[in-house]
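S.K.: Start from the sequences and build out the full structure, keeping to the hints where you can.
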Amino acid sequence: MRAENPHLRKTGGFICALLFIAFAIVVIAAPVSAGAVSNVSVQPAITTPDIVQIGIYVVDFSRVDIGTGTVGVDFYLNLKSDKPVSINDLELMNGVITSVTTVNDAPREKVYRIIAVLTAEPDLSRYPFDRHVLPIRIEPKIMNEREMVLVIDPENSGLDPGANIPGWTLSGTRSVITNKSYVTDEVPFSRAVFTYGVVRDATSTILKFFLPIMLIIIVSLTTLMMRISSRLGINASMFLAAVLIHWRVADAIPLVAYATFLDLFMIVTYATLVMVLISGILVLKFTEDKDTARVELVNYWSIRIIPLVSIIAYLLLFLTLMM
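Counting in the numbering used here, the sequence shown runs without a single skipped number right up to 333 at its last residue.
No lab work stands behind these hints: they were computed from the structure.
No false leads were mixed into what you were given.
Straight-line alpha carbon distances no greater than 25 Å define the calculated DSS-like cross-link-like pairs of lysine-lysine that follow:
| no. | residue 1 | residue 2 |
| --- | --- | --- |
| 1 | LYS151 | LYS190 |
| 2 | LYS93 | LYS190 |
| 3 | LYS151 | LYS90 |
| 4 | LYS90 | LYS190 |
| 5 | LYS93 | LYS151 |
M.R.: Below, the structure is given as structure tokens:
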């Protein structure tokens, strides 16, 4: 029988140990690898929104109608983007576009001449010294901020120096980008807002309204020094004239749930006229009673108190406009 070689036996044992170790590594690592592969999720492709530079250059405004809260506007709309975009992708949120003319139809820049009727929510608390902000709000029709983002283009935005509104003074412009959500937790829409301030012309307001009213007050207060026979008739006529002027001016604005400056002014006016009428009635009564002392007393205090109270009330009222 051949003797067993000890070296061969050691080599064979070493090879078997290596094979066992390799098998064990494969068996142990296989589930880990399989688990790692099974946990890999396919990430959605990250998309960037289209960046659209938007500019609005207002050429002119037409008549402001406070009664309906509308104003006509003529402006240029400039759009710049690396991807195709047109006015059909956008929407005027506070008005109706009545006319669109394409001025430039380049692939990366569109320019449109637009005529529209804007709607606004006027604040009439200072009427007829009111001031308003006329906005132009534009946002994408269907694409939210993940798909389209608007950016103000200052080079193509502004207000033409020749723009004007009869009876109003333009008081400045402003542009800003905001966002708007229409459903809770939805992705908002990018919105460009261009605003233009307007202030009612003070000179025309004073001449057309306050001057006639002040003349009525002056005539009424002057009657405090007149004879009783014509005093009541003049004051009654002045009261009726004040009511008619108030009705004509107030009819130009819609009904609101708060007192305007006009309402407060007319309250002071009516109070003054009523005080003068009451003093005239008292003088008439005491004259018929042949109570000369009381007639003189009423005349004395009427001349000194009614004009003073009226002037102070008007001053305090006009001071509120400066606050």
